[in-house]
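Enquirer: From just these sequences and the hints, can you work out the full model?
Residue numbers (my numbering), protein chains in the order written: chain Z, 456 to 715; chain A, 409 to 1124; chain L, 88 to 585.
Since the hints were derived computationally from the structure, they do not count as laboratory data. Quick caveat, the model's predicted, so the values are computed rather than measured. Each hint can be trusted.
Label pairs and their in silico Cβ distance ranges:
id, chain 1, residue 1, chain 2, residue 2, range
1, Z, Ser530, L, Leu452, 32 to 42 Å
2, L, Asp127, A, Gly980, 37 to 47 Å
3, Z, Glu645, L, Met387, 41 to 51 Å
4, L, Pro226, A, Ala570, 21 to 31 Å
5, L, Asp516, Z, Val466, 53 to 63 Å
Here chain Z is said to cover these stretches of chain L; the calculated rule only asks that three of the stretch's residues, wherever they fall, bring their Cβ under 8 Å from a Cβ of chain Z:
id, stretch
6, 204–215
7, 241–253
8, 287–299
9, 347–358
10, 371–380
All C-beta atoms in this analysis are idealised placements derived from N, C-alpha and C, irrespective of residue type, glycine included.
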Amino acid sequence: MWVLAGLRHGVLTTRWPARPDQYAQASRGPAVVTTARPPDADQLASLCPTGAIGVTGGALSLDQGRCVQCGRCVSARPEVFAWSAGPAGAALARPGLIAGDLPENPENLAALSERLRARTRALRRSVHLRHVDAGSDGTEEWEILALLNPVYDVHRLGIFFTASPRHADVLLVTGSGARGMTEPLRRTYEAMPHPKVVIAVGTDAVSGGLVSPSYATTAGVAATVPVDVWLPGSPPSPFAILHALLLALGRLPGGAGAQR
Amino acid sequence: MSAYSVVFGAGLWLLAVAAVADLALGTRRPRLVQVPYLLGAAACACIVVAGAGALAGRSARLWAGGVLGQGTAGPAADQLSGLFLVIAFGAAAGVSLAFASWAGQGRPGRRGLGASYALALAAVAVILTARDAFTLLFAWEGLTLAFYLLAGFERGRPGRPAAALVTLAFGRLSGAALLIGLLLLAGRSGSLSVATFAHVPPGGVRTTAQALLLLGFAVKVGLVPFQIWLPRGYAAAPGPARAIMAGVAVNVGFYGLWRTLALLGPPPSWLTGALLVMAGLTAVLGIAHAAVQPQLQRVIAYSSVENTGLILAGFGVALVGAASADRLLVAVGLLAATLQVIAHTAAKSLLFTASAQIESATGTADLDDLRGTVRRLPWSGTGLAIGGLTLAGLPPTAGFVSEWFLLEALMQQFRVPGLADRLVLALAGAAVALTAGFAGVTFVRLLGLIVLGTPQPRGSAVRLRDYGLAGRAGIVLLSGGCLVTAMLTPLEIRVIAAGLSPDVPAAATAAALKSPWVLQPVFAGFSILSPSWLWIVMPALFLVVAVLAWAASGSRMLRVRRVPPWQSATAGVEGRDSYTAFGFANPTRRVLAAVLHTRAEVRRIETRAPVAAPSPASLAAPSPASLAAPSPASLASFPAGAGAADTAGPGAGVPHVGFSSDVVEVFEEYLYRPVLRPLAALGRAARRLQSGRLDAYLGYMLIALVAMLAVVSALS
Amino acid sequence: MPAAAGAAVAADVPAMWAKLTSEVAAGARFAGLFATARSDHLLLSAHLARPAGIAIVETALPPAAASYPALTPRLGAAFWYEREIRDLFGIVPAGHPRLEPLILPLEGAQSPRPRPGAPGGPAVAEPDPRALPQHVIGPGMFTIPHGPVRSGVMESVEYLVETPGEDIPHLNMRVFYKHRGIEKRFEGMTPADGVLLAERTEGTASVAHALAYCHALERMAGVEVPWAAALVRVLHAELERVACHLDVAVRLADAAGLAVATARFGWHKEEVLRLVSQLCGSRFGRGVVIAGGVSALPLMSTADLLAAAGRLDARVTADVRALMGTASFLDRLRRTGPLPPGRAAEHGALGPVGKASGFADDARLARPYDAYPRLGLRPAGPHDEGDALARLRVRWDEVGQSLHLLRQAADELSEAAAGPLRAPCHPHDGRSVGWAEAPQGEVLYDVRIEGGRLTRCRARSASFHNLVLMHEVFAGDILTDFPFIEASFGLSVAGVAG
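Expert: What follows is the structure, given as structure tokens:
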């Protein structure tokens, strides 16, 4: 009976990243700056409730790590700001999330990417994830759990979830770093064997989000564990999480680590 | 008199000297206290040598006869006796060494323990080699006396006097059954010599005597419904004396059963069927209770009951085979039973020896307080582990081989002609299989929590005093008995074949060896096992995997980073935060509730809240009338009426929940207690006879004399 | 919408307790207790839910007061509320039966407490495990600590299961791990930013929290939401309800080991989230609800929306029928985790937890808001077994009604799309209460604005009110029933820990 039900609608699974996916292309990521030097750049910083918009020398920059996707900047000044589209949102270094006209240091980025590849060489085709909630609002957990539904089906990529950190290779941390979870997060990190990769999932984990500054949070989890991959979004869509995972493992098609 | 006779006699004399030494030297100086036991160990060695000689065919006669009275023949060992002498006294040697070490640890005590120990061993030796009924009964009563002395040795501790009395009562019961049975046979055959009993013509007397003999030996080994004295009696004895009682002396019961089969042949089929059913029930009941006991000694004692069931199931197969004149079936049954006897002797002695030291070093026998003893007592803990693995029947120990053999023997039931026999054998086979499963649970609890657990409270891995040199030698000897006999099972089978040989042809028993290192259950083409190959292959596989892992990890395998155990990242709670021994047994209590009659109860324990000093700004406590207590059904959040002012004291006045669970010994509850009541009433009534008046007593004597005269004159 | 109810001020604490108990005895429902630190006193406020609306009863405590007589011995539902007040303000309810830290364990009376309502406060308040009580357990029992990092992708909460080895006679919970200090963070924000934070208080009920907050602002400013905006709000609220209930079904099917059911309901939930993202750009309906109305019309045509809803309805109904016919699944849920109806009524259990035990107080029916008065919403069918199966049945009833409401709202929207989408709503000063029915139950917001900025915003989620009932539903259940009971409650820890 359930077998028949399962067969009724055919294959639901997306072919991403091997083939492009329409929903992935259309999904909304954090905001980006489209016009780097608008005339009234100095007044635009007050648009953002988390202070993601910054001005340096007349050039606008938007720190995606702080963007909670409220949409205020996009609806107020649609010619300066726009939503980023597509799942590629993660970065290997925190400065890499500050989109805009900031100069990147390509050698540093390449070195980071190379070190990460070396660390994850043994894990590439079969990796186990452990998730820790360090004070999230519940939506990031839904998006991570969505990876297990038949539409995304991470098992086809050799990615599995595990309950024991002793078996885990990748630590997914969500939440703005609630102080009550500092010790448990640190214990979980210590309980994982080397080599391990830490991914900060969501704007809350990257920078504390809208909830910080607060007496009960540490403005992101970077204060407790060393983060290797930073993934903004409030919450990041399952495709974005998948992209971040594949970035961490060096499995992105078309050259790993070359994106951000 | 051959050399072996001299050696045997020397052994008995050494035991006598040991008894005298114990009574003379006392318990004051540690060095001298060990002397009786070391002499006992030497005596055991002598007796083992004599037994080996008997196995080889040189029977050892001690003295011609007539010393103890007309018609008595001196003790002499034939092959069966020699087999059991080797088994029992081999284990006794190890236990004696450990006993010496245990006794030498300087504890205050009375003299007499060594003497009781020597008496027990001497009685066992004489029973195993008795040639006539009188010697047998004399030694049997001596063994009962020794058991009573051992069980009641620490009579100051609670429960010991009652246990000693129960032991004595059942010992007398078995002695009485043996007495009546042997005298019936002696009356028919006209002589006290045991060998002549085989020629008693079949009939009601022979059958009755057979049944009584089987009953007497069954009480000794603890077959249902006579098993209730075993846990009490064994647990009451001090230290390694338990090993003597449960590991060494119990073999006289099995020897008696083997001897009864050899002498009198198979009993009627209803008796065989009843025996098999009882054996299955004993096994299940024993393991069910062993799995849920909170005390270490009781777990091991109930495991003795379970093993009795297993051994008698094998013996039942042999009885069925004898009734249908199938020599191979008899061979497989006796072989399975004897293998289990050997494994049980070694393992039980080892378990009780190890647990004796554990109990005396830590001062407690409660399983929940004994976690992680291997760290604190490495030798005893390892002994406990090996004994536990053997009784759980895990490869590559001797227990595995014997349980395999037993199940294979029971599976031969399809070769038996009668349907009733087949059904009963199948039933017994099912019971044995169920027992094997629960034996795994029982010993996992023992090993996992006690041997491998973390010592609680944490950090208290203080090294306690373990066995000395003699004790370690004893543990090594007994562990060798568990492990090496598995390695050398073909040799063991040849020895057993030699032991069983006059009654079961050696060719039949040796048919269990398909090839020099491969075993089969006597019948060809059924199944095979090679424990010797297991001993080679298992370590080899382990080594191969370890080498591969080391090579594949590039020698990183040896670089270890230690982190606290994973407990879902909690900060932890004070007190018991992982499975206790009590809790681990809970599923078993539930599943086997029919057998155990489990009664469980959860109750709330109120604590009176401490009356806190009123804080400066606190207002008056609310009056009782306004305390609309929430519904009493709410168990947890807050109690009804815990009202006193509770300032921020952590946990103050918090109600908590307690759990208690009782199991009931069904036979004791429903068979013995109802019988004891009228007996007690009878006793009270009889006490009225003890009026204390001289003329009444003289009157009783006169009545008795007149009655005796009347009876004698009527009979003649 | 129903008229704003003013705040009734009681003379002192005992008088306030007397009024509360008399109101509750007369049929009102106790809906929460909280405190606000004002400049010269501490304000204790309680909410009472009546059919007419939410009433406030409050009293002032002198500034030097270190304790007050506890409400819990008289009104058991205040159990966790008083512990929370003690954690945030340091003031002790005298006579409270079990005063342990709930959301912020701080050792010692001298540690600075956050004190929401008063400007300033500690920059860092590190939770101190020494403030947690030593556990008192009885003989024969031991405690299995489970959490905060649990076996699966779940929110962090610790359950201390006191067990003799198989049964669960007693359960303790530690919820302080995820405390983020949301109440204090609200202070100083503009009302527009407050919507954003309200959405992130309990993310799986974003729309409901935003609705409750905006209702408070609209009541304060006295504005009426335009019809088109009300319909869009209902659209998103009902889609959120369907998503939450499907999530509960996924967790229950996963706990029961039904792989195909887990996959199919996971797919349905994904379809719902994708539908929401196609309507407004965010998978959780964020950014739609603003004070006075909604920010934009759906980005999908009504015809497409109706088609998608129809497809969803057909698939979900078929799978629900199959799931509720699987005997092995129903066996795990029947008589598991029963909540007695008397207890549910006494505590005022919210949402599906209450409805399954015969206590229904749906805010959409009792105190309707937005478009609900004019859309046809029927009360849920009578259920009073109170076990996990009843809670699941209640959820399926609600899903059916939500999809029906969805279609109604979409139909009406196709005619009303031309109207205004928001009414101007910029309250400068005021204090009001707003509510909405989240998937977990009723959400209450008590908002106070002074000088154009928020000075106190109390967000009481249904999860906070209901989670305490987890203590009482383990009657004869064993350890393997635990995930079913937890999933059947369907609560979000983010809303509990605040």
